[in-house]
Amino acid sequence: MGMRITNEQADTAAQSAVSAINDRFGGSDVSATVEHHANAYKMAFVRAQVPPQHWTAVAKYLRFDLGVNYCSMVTGTHYPEGGPERGWEVAYHFMRQPVIDQAPHTNTVHVAEALKGDAIPLEFEIIVTLPQTESPSVPSVQNIWVGADWNEKETWDLVGIQFEGHDNMHRVLNPHDSPEGFHPLQKQHKIRYHDFNEMYDDAQGFGRKPTDEGRVK
Amino acid sequence: MAQMWITMGPQHPMTHGLWTLRVKVDGETVVDTEAELGYIHRGVEKIAESRDFTQITPYCDRLCYVSAMTWANSYIYAAEDLLEVEVPERAEYIRLISAECQRLASHLMWLGAYGPDIGSLTLMTWCMRDREMFLDLLQELGGSRMHYNYPRVGGVKRDIPVGFADRLIAKVKLFEHRIDEYEMMLDESTIWLVRLQGVGYAKAEDMVNAGVSGPNIRAAGVNYDVRWAHPYSVYDQVDWEPAVEKPTSVKGADCYDRYRVRMEEMRQSCRMILDAIEKIPGGKNTNYANGDEMILAKAPTRAPEGASGFSNYECTRGASQFYIQGGGDGRGKNPYRLSIRSPMFITIPYVAKTMIGYKVADIPAIMGSFDPCIGETDR
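In the order they appear, the protein sequences are chains A and B. In case it helps, the numbering used here puts the first sequence at residues 849 to 1065. In case it helps, the numbering used here puts the second sequence at residues -9 to 369.
It is worth saying that the hints were derived from the structure and are not from the lab. On a predicted model such as this, the values are computed, not experimentally measured, just so you know. Heads up, some of the hints might be wrong.
Unchecked claim - Think about it this way: if two alpha-carbon atoms lie no more than 16 Å apart in a straight line, the pair counts; the simulated EDC-like pairs of lysine to aspartate or glutamate are:
#1 Lys890(A) with Glu195(B)
#2 Lys890(A) with Glu79(B)
#3 Lys349(B) with Glu76(B)
#4 Lys236(B) with Glu254(B)
#5 Lys161(B) with Glu18(B)
#6 Lys890(A) with Glu268(B)
#7 Lys241(B) with Glu195(B)
#8 Lys890(A) with Asp126(B)
Claimed, not checked - If the Cβ cut is set under 10 Å, some of the chain B residues that face chain A in the computed set are:
#9 Ser40
#10 Leu73
#11 Asp107
#12 Ser110
#13 Leu111
#14 Met114
#15 Trp116
#16 Val198
#17 Tyr214
#18 Asp226
#19 Cys260
#20 Leu264
#21 Glu268
#22 Ser301
#23 Arg331
#24 Tyr348
Note that CB positions come from ideal geometry on N, CA and C, so glycine has one too.
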C-alpha cells in the first residue's frame, strides 16, 4: 500500500522549524511563518522573509542546524512598479531530505508515517526582497549548497540578479555572446505578441480582428 | 602526451539531445569536463507571462517530449495551488494512471536509447515496440501520441473512453512479462555487465547536495520520492512502494544500479496502474461527459496579485517544480512570473564532473545512465 507524509507530521515539522528560525533570528527582520498549499493535500511548508544582509547567516543556519540539505530552485523576479522597497525578489525553494551516509548493501527504508523530528521531509520557501536598483545583488549560497550553483547561474543569466561571491559565473541558457546587461526575464523586454490583441494587428499574424473583439471575458 | 580538450556535441550520439560536453583528456583518461547547455532554449518562462493559465499547458507538454504528461501535470498542480482549486477524486486517479503510463513510456525510451550507447541495438527495437503500447493508450486520452494537452486546471480534459480499462490492463499485464524478458536479456549479457558495473560511481550525499533527484538518488539507496514525501494525487491510496536500489560499493551507485532502479520503477508503475484502475471512483467502464463534475471542477481564471503557487512533482527524471506568481497582465489572468525547475538542468553539470577519472569510452555509459533530456533542461 502506498504511504505518505501526513498533514500532522508536516504541520509539526513546519511549526518547529518556524519557531527555531524565529528564536534564532528574533529581533532582526527575519520572519518565518507556517503556510499551507491550496492544492492536493494542503501540505504545510515554511515561508520566511529574509533581508539580504542576513541571508548568509540564515542560509548557514538552515543548512547546518535545521538539516536543509537540498536546494531545489532559485527564482528571480523583477518588479519595476513594486515601489522603492521592492524592485527585485529572489525566491529560494529548499527541501529537507532525510539522507544519511550510505553503507554498501543498505538502503534507507522509510515508513513515512513513522518519521519524526528532523527526518520529516519539509519544504522551505525563502524570499529575499531587494530594493529598486539598477544592479540588484544578493550573497551567493553556492558554497553552502552545491545545487545552488547552476540555479544561481540561470537566475543571473535570465533575470540579471548578481550573486556576490559566486565563482565562475557565466551564461547558461542565453548564448555566450549575448550583450552585457541583457537579461530577458526583466520586465522591460517584451516578447512579440505580448498582448494577445497584437497578433491580430500584425500582417504576419492573423491580419484580422477577432469577432468578439472588445468583449473582455 | 599533452592533455587536450575534446568537444563532444552538440551533435554526438552520447548527448541524447543538443548540448556540448567539453572533455579534457590525458591519453584515454578524462581529467576535466565542462557542460554547455542552452542550445534549444525556447524561453517558455517568458512566453508564459503573456498566456492564460490554460494556454500554458501545451507549452509545458513540450518541455520534455519524452514525458509530456508528467510535465503538464506538474504545471497543473502549481496552477491549482495558485488558483485554489479542489480536484475531483476521479480526475486524480486518471492523472495518476496517465502519469504512470507516461513513466513507463519514458523509461522505455531511456532503455531504448541506452542500449545503443552500450552496443545493443536490439534493445532499442524491443523498447520501441513496447513503448508504442503506452503511447497508444495515452493517445486514447489526449488524442495525440506525444503532446497530449490533457490535464486541466481542476481536472482532466476528458474521461477515459469505454473499453480503455480493459486495454490498459491487458497491455500492462503483458508488459510485466516483457520486463522479465529485458532482464533475462540484459542481466545475463557479459557486455552489458562489464560496461555498466563499477562505472560512474555517485554517492548519495554528494548527489543530494548537488541537487540530483528521482531515480538517480534512489539508485544510491536513498528512499526519497516526491510521491510520498511531498504528496500529491492519490498515491497513498494505491498499492506500490518506492523503488530503491542497494548500492554495492562505498563509492555509491554505479550505472548498473541506476539501470536496476529504473527497471524496478517500471514494475512499481505497472502495479500502481493495475490497482488504480480497479479503485477508480465512478467505475472503470463509465465515461462521463466532457466537463462533468466527476472529472473537472470549476476553476477561477484569475489569480490575485501577490499570490503564489508551487508544485513539487515526481517526473520521470526527478523532481520537477513550478513556481508561479499571480497577478500578471493587470487583470490577473496571466502569471506575473512562472519559474520552472528542471531536474536535468541540475543533474547534467553534476554528471559531467562525475566522469573525471574514467575513460573516454565510459562517457556514453555514464551519461546515458542518468537519463538526460535536453528539452526540459533548456526550457
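Comparing the hints with the structure gives:
Our distance criterion of 16 Å between C-alpha atoms is broken by Lys890(A) and Glu195(B), whose separation comes to about 29 Å. For the hint linking Lys890(A) to Glu79(B), the alpha-carbon distance of about 15 Å falls within 16 Å, and the restraint holds. Taking the CA atoms of Lys349(B) and Glu76(B), the gap is about 52 Å. The hint is violated against a cut of 16 Å. Distance check on the hinted pair: Lys236(B) and Glu254(B) sit about 12 Å apart at the alpha-carbon level, within 16 Å; holds.
Note on Lys161(B) and Glu18(B): the hinted pairing is violated, with a Cα-Cα distance of about 45 Å set against a maximum of 16 Å. Of the pairs offered as hints, the one joining Lys890(A) and Glu268(B) is violated, with about 26 Å between alpha carbons and a cut-off of 16 Å exceeded. With a C-alpha separation of about 11 Å, the suggested pair Lys241(B) and Glu195(B) falls inside the 16 Å cut-off, and the hint holds. For a cut-off of 16 Å, the pair hint linking Lys890(A) to Asp126(B) is broken: about 34 Å separates their Cα positions.
A cut of 10 Å between beta carbons decides the hint on Ser40(B): the least distance to chain A is about 5 Å, and the hint holds. Restraint check, Leu73(B) versus chain A: the minimum CB separation of about 8 Å is within 10 Å; hint holds. For Asp107(B), the shortest C-beta to C-beta distance to chain A is roughly 24 Å, which exceeds 10 Å, and the interface hint is violated. Interface hint at Ser110(B): violated, since its Cβ lies 28 Å from the closest Cβ of chain A, which is beyond the 10 Å cut-off.
Given hint, Leu111(B) at the interface with chain A, is violated; its Cβ is 33 Å from that chain's nearest Cβ, farther than 10 Å. At a threshold of 10 Å, the smallest CB-CB gap from Met114(B) to chain A is about 30 Å, leaving the interface hint violated. Here the hint on Trp116(B) is broken, as its CB sits about 29 Å from the closest CB of chain A, past 10 Å. Residue-level restraint check for Val198(B) holds (minimum Cβ-Cβ distance to chain A is 5 Å; threshold 10 Å).
The beta carbon of Tyr214(B) comes within 5 Å of a beta carbon in chain A, closer than 10 Å, and the hint placing it at the interface holds. Here the hint on Asp226(B) is kept, as its CB sits about 4 Å from the closest CB of chain A, short of 10 Å. Of the supplied interface hints, the one on Cys260(B) is violated, with its beta-carbon coming no nearer than about 14 Å to a beta-carbon of chain A, more than 10 Å. For Leu264(B), the interface hint is violated, the least distance from its beta-carbon to any beta-carbon of chain A being 13 Å, above 10 Å.
The interface hint given for Glu268(B) is broken, as the beta carbon of that residue sits about 14 Å from the closest beta carbon of chain A, more than 10 Å. Residue-level restraint check for Ser301(B) holds (minimum Cβ-Cβ distance to chain A is 7 Å; threshold 10 Å). Among the interface hints, the one on Arg331(B) holds; its C-beta lies about 4 Å from the nearest C-beta in chain A, closer than the 10 Å criterion. For Tyr348(B), the interface hint is violated, the least distance from its beta-carbon to any beta-carbon of chain A being 20 Å, above 10 Å.
In terms of the numbered hints stated before, the structure departs from hints 1, 3, 5, 6, 8, 11, 12, 13, 14, 15, 19, 20, 21, 24, listed from lowest to highest.
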